[in-house]
Structure formats: structure tokens, C-alpha cells
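K.L.:
Residues per chain are reported as follows:
Protein chains: 2
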Amino acid sequence: MKISLGKFRKIYDIAVIGGGAAGISAAINGKAAMKDVVIFESDEPLLKIRKAREIRNYPGFPKATGEEISEAFLNHIKEMDIDLKREKVTGIVREKNFVIYTQKGKAWAKTVILAVGLKSEETFPGEEDLLGKGVSYCVLCDGAAYSGGKVAVISDSEEGEMEAEALKKDYGCGVVYIPLYELKSSDASFSILKNRPLAFKPREKGVEVEFKDMEEGLIVDGVFLIKQFTSPGRLVRGLKMRGRHIAVNRAMETNIPGVFAAGDCTGGPFKIAKAVGEGQIAALGAVRYISQLDSQKMEVKQ
Amino acid sequence: MKISLGKFRKIYDIAVIGGGAAGISAAINGKAAMKDVVIFESDEPLLKIRKAREIRNYPGFPKATGEEISEAFLNHIKEMDIDLKREKVTGIVREKNFVIYTQKGKAWAKTVILAVGLKSEETFPGEEDLLGKGVSYCVLCDGAAYSGGKVAVISDSEEGEMEAEALKKDYGCGVVYIPLYELKSSDASFSILKNRPLAFKPREKGVEVEFKDMEEGLIVDGVFLIKQFTSPGRLVRGLKMRGRHIAVNRAMETNIPGVFAAGDCTGGPFKIAKAVGEGQIAALGAVRYISQLDSQKMEVKQ
Numbered sequence: 000m001k002i003s004l005g006k007f008r009k010i011y012d013i014a015v016i017g018g019g020a021a022g023i024s025a026a027i028n029g030k031a032a033m034k035d036v037v038i039f040e041s042d043e044p045l046l047k048i049r050k051a052r053e054i055r056n057y058p059g060f061p062k063a064t065g066e067e068i069s070e071a072f073l074n075h076i077k078e079m080d081i082d083l084k085r086e087k088v089t090g091i092v093r094e095k096n097f098v099i100y101t102q103k104g105k106a107w108a109k110t111v112i113l114a115v116g117l118k119s120e121e122t123f124p125g126e127e128d129l130l131g132k133g134v135s136y137c138v139l140c141d142g143a144a145y146s147g148g149k150v151a152v153i154s155d156s157e158e159g160e161m162e163a164e165a166l167k168k169d170y171g172c173g174v175v176y177i178p179l180y181e182l183k184s185s186d187a188s189f190s191i192l193k194n195r196p197l198a199f200k201p202r203e204k205g206v207e208v209e210f211k212d213m214e215e216g217l218i219v220d221g222v223f224l225i226k227q228f229t230s231p232g233r234l235v236r237g238l239k240m241r242g243r244h245i246a247v248n249r250a251m252e253t254n255i256p257g258v259f260a261a262g263d264c265t266g267g268p269f270k271i272a273k274a275v276g277e278g279q280i281a282a283l284g285a286v287r288y289i290s291q292l293d294s295q296k297m298e299v300k301q
Numbered sequence: 000m001k002i003s004l005g006k007f008r009k010i011y012d013i014a015v016i017g018g019g020a021a022g023i024s025a026a027i028n029g030k031a032a033m034k035d036v037v038i039f040e041s042d043e044p045l046l047k048i049r050k051a052r053e054i055r056n057y058p059g060f061p062k063a064t065g066e067e068i069s070e071a072f073l074n075h076i077k078e079m080d081i082d083l084k085r086e087k088v089t090g091i092v093r094e095k096n097f098v099i100y101t102q103k104g105k106a107w108a109k110t111v112i113l114a115v116g117l118k119s120e121e122t123f124p125g126e127e128d129l130l131g132k133g134v135s136y137c138v139l140c141d142g143a144a145y146s147g148g149k150v151a152v153i154s155d156s157e158e159g160e161m162e163a164e165a166l167k168k169d170y171g172c173g174v175v176y177i178p179l180y181e182l183k184s185s186d187a188s189f190s191i192l193k194n195r196p197l198a199f200k201p202r203e204k205g206v207e208v209e210f211k212d213m214e215e216g217l218i219v220d221g222v223f224l225i226k227q228f229t230s231p232g233r234l235v236r237g238l239k240m241r242g243r244h245i246a247v248n249r250a251m252e253t254n255i256p257g258v259f260a261a262g263d264c265t266g267g268p269f270k271i272a273k274a275v276g277e278g279q280i281a282a283l284g285a286v287r288y289i290s291q292l293d294s295q296k297m298e299v300k301q
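In order, the protein sequences belong to chains A and B. Mapping of the first sequence onto numbering that gives the first Met the number 0: position 65 corresponds to residue 64, and the numbering continues sequentially without gaps. Mapping of the second sequence onto numbering that gives the first Met the number 0: position 118 corresponds to residue 117, and the numbering continues sequentially without gaps.
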């Protein structure tokens, strides 16, 4: 008897993207409601709080250091046995459940809480227009579409080297690697172009990457942009933004059913207690959403 | 040389109405921003949290009892030297600053944060229509208007006895006292009517209070309703409600400039961290409002 293990994939109830105050709070509350929760954080969790010299305004901790509050929060998720994955999320796609693509693989969840913080993301002219039409942020999501083709990988960190390698080996692509950082190793199996891209332009087949001081650009089938921070609007296709912030209502619902947001990524004030409160509200929303899903399934069965 | 001390009244920057999680959080954050803050709470502060057997979802306190979290919060306001007044607020009126009427007197503040929680308030038929036209909640605010007249005082607690006494002594009113509770003392200097009011009706002069099993009602110049909980819409005239909740935007602003709201009184989810987060946001709004006031004053001076 053969059992196809592939079909028995783990589906989390709630995937929290971001391990800051909002994300940790959301996870704690989701877990307190007996849900199966995972946190994805590429960096050290609670990094921003940890750096604070003194925090006077988080109730219950008079005159605490950022380090003390971080430790208390981390201890809380440890006590609750919450899964914390040190992986960078590169894309989230809605299928029957949400598929969370990370650099290391995929995960599935019934709901998503975005608590990704607020950083500025550099975008190239033409990047947004060509998204999904030659420009991608995620090799795992879109690599197959460029199998055997010619691609450029533009990256602001060493992460891009792995992605370039994967495109070459797994998808048989011809890869031109364009580092936006000081590249150390030079034994790469792909060609390297050290020049700063200026813009992307659509061509009959593929995309032209334009460069400074180069009369002719580089024409490729696809461009993979590997950024340390991807704005939430690009992480989740179709997510409604309000300027740099994710558009949410008071229930921390985004425009996509099942996707919630909390903390700095929804706008200021950029305070711990605000992030904590929003994380909690988002988690309650996710819990409610899951129970609605479950009751719909019950109805279908009957 | 005579100095008129009456003119040098203390004006708080922020008056927080309610000593639950939202109010305490608002006060802590206002004080952290170097503002002069007062909390009004008629009951024991944090009573609702204190009663919780176990709270698992307030970040930083895994598996704490309600008692432990309450103590940590109270310790925080003590450490910050925040003024906590055990007085019931009976009315808030906007003049140049906000005047906060309590059973014991008045206080003044530049901004108000309503964190009064959510309880159901029994209202009598006719009560809302006659508010300000014969029905009042506040002897200190409206007593003078009924000087020498005939009034009814309807109260759900012993507090009403003091108010009836004041109307008789300070304003020379003829008082009929209608207790909605088990009245203990019987040496009162005013008449007592033990019967449950059914409704209020407008009369040519004053108000008629109707009773069960009484063919004729009691006609008075004014009715004072002394309730342990007054809904925020009645506490602050003109405050916009959404059903039983105070209408707020994501910045916790109400429809009245300078008045903010936070916690359960703005609607669910009824969670500590949500209340804490909203209290914080409301306080930041109040701080911003005060700095705008200050900059306007500067402009006028120049």
C-alpha cells in the first residue's frame, strides 16, 4: 500500500508575518484561543524594541529597558510553545488556503496576519508596472515560468546569490547577477554585472534593464528582485494600501478576506502598546474568520 | 494686597475618565509625554481585570492572574506619580477648557479621554427627550436652575441621598426622594416615595413622573437621576454614539475636538491589550491636540 504523503500537508490556522511587538502579540492571542500559530521573522525578533534604552509607557513595566520587555515577550511565546520560524517570506498567494512562500520553502495557513513593520523600500522606475509581466520577487513562486530562459537577479543582500543559483540549477536559466551590495565571493557559476540599474522597460519579449553609462540595456525574459524588505503591497498581490501603510478598518481587516494587519505597517503612532493592541485585535479577527470557515464547511457537509 | 485665589485654578492637561486598563494605559502614556494627568474612577481601579482568574494573552505576562496584572498596572501609575481621584464624574461640559463635574466638586482639563467601560444603563421612557428640559444627571451642574422649586431625586444607590440633601440645603428645593434600592436610613430630612417610576412626561411647567399602581403621577419642576453608571452619550452632551458605543476613528478621536475615547466603551473585542493599545493611541491624540492649542496661543500672542 502506497501513501502519498504529499497530500497530508500541515495547515496552520494563523501565519503571522513579522516578529515585532504586533506579531508577537497576535501570536500570543491566537494561541490563547487554541489556534495553531506560526510566526515568520527573517531577522532577530523584537529587534526594534530591544534597542530601546528605556520604555516608560508599556503598562505593567515601569521604567523597563527594551531588553527587559523583549525578554518578557519572548519568554511568553516560549511558555506558550509558539512556532517561530527564522525565514524570510517572499510572497503570499491565496489559493484554497494561503500559501506562504519563504526562501526555504512553503507553508500553508487559513489566515494571515501581516505585522511586517515599516521600512522604506526602494523601487525602480517601471518596477510596479511590470510586476507579474516580467518582474518578480519570488523564485519559488515564479521561477518555473522562466525555465530555460534568460533572467536577471538584482539583490540588495547575499540572499540573492542563492536565488540565482536556484534559477540556474533548478530551472536551467541563464542568469545575470546584479548585486546592489559589496559582493564577496567571485566563484559564482553565473555571470555578474556590477552596475546600478536605473529602470525597467517592457520589450516585445521580456524586459530591458537600463544602466548608468551604458547605451544599451540588458534584455532578459524576466527580472527577479530580491530585497531584504518587500512592502506588504508587493508581498500580497491585490492588498490595498493607503500610501505606505496597509489599509485596515478598526477590526484590523484588510481588503482581502482572511488577511489582517497590525502594528507599524498600518500607520502610526509607532508605539509598543498600540502594536500590541492591534496584534490582539487582528488575532481575534483571524479566530472569528476561521470559525466562519468551519461553520461553512459544516453546512456543505450536511 | 489681596490675591484672588479663585482665579488660579489648576487645569490638567488630560483628564482620564475611568480607571480600567484603557484609562490606566492612557494616563501612563500621557504622563510619559510629560503631561499633567488625572484619572477619575468612582470604583476600585482595574476591578474587571482583578477578577480574572488567569490572563494568558497580555504580552509580557504569561499565565498571570488578574490580580498580578492589576498590581503591575497600579504600581506603574504609582511609580509615575499619577493622580488618581476616587470620584464619580457626573457630567462634562465644554467651556474654554473642559469642566469635569464630580460628586465632590469640579476639575478643569484641556482634553478628556473617556475610558468608562461598557455597562448597560437603564433609561426611563421620556428620559432622553426631557434631558435638559426638566431631567438632569448632575446637581452641581443644574441644581441652581431649580432653586426653591420642587424636585424629584431618583437614585439607584445611596449617593442619591447626598444629592437630595444638597438640593434641599444648598438650593432650597422641596425634595421627593425615590430610591431604586433598599433604603437603610429613615431619618432623612426629605420625603421619600417608595415606588418604581414608569416614565417621564412633559407638563406645562416641569415633568410628571408616572408610577405603577398610581393613577396620578408626581408633578415636579425637575427630576434628578443619580445613576451609578451614566452612558457616555449622556455624560458628555453632543457626543456621537454608535449604538451603545462611542463613535471613534482609528485615532480614537470622538466627534468633539479634544475628547478621545478608548477601551470597551468604543466597542469590542473586550480584551486587555486592545484597551491598553487604544488608551495609548488616545493619549497620543490628546498630547497632539494640546500642542496644537499651544501653538495657536503662540500665534495669537505674536
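Everything labelled a hint here was simulated from the structure, so no lab data went into it. Treat the hints with caution; some may be incorrect.
Where chains are identical, the list cannot tell them apart; a pair therefore holds if satisfied intra-copy or between any two copies.
[Said to hold, decoys possible] Here are the computed lysine to aspartate or glutamate pairs in the EDC-like style, where the Cα-Cα straight-line distance is at most 16 Å:
id, residue 1, residue 2
1, K77, E94
2, K211, E67
3, K62, E78
4, K200, E53
5, K105, E67
6, K47, E252
7, K34, D186
8, K193, D212
9, K77, E157
10, K109, E53
11, K62, D82
12, K193, D82
13, K62, D80
14, K105, E120
15, K239, D80
16, K200, E157
17, K95, E164
18, K47, E209
K.L.:
Name the hints, by number, that the structure is in violation of.
P.N.:
1, 2, 4, 5, 6, 7, 9, 10, 11, 12, 14, 15, 16, 17, 18
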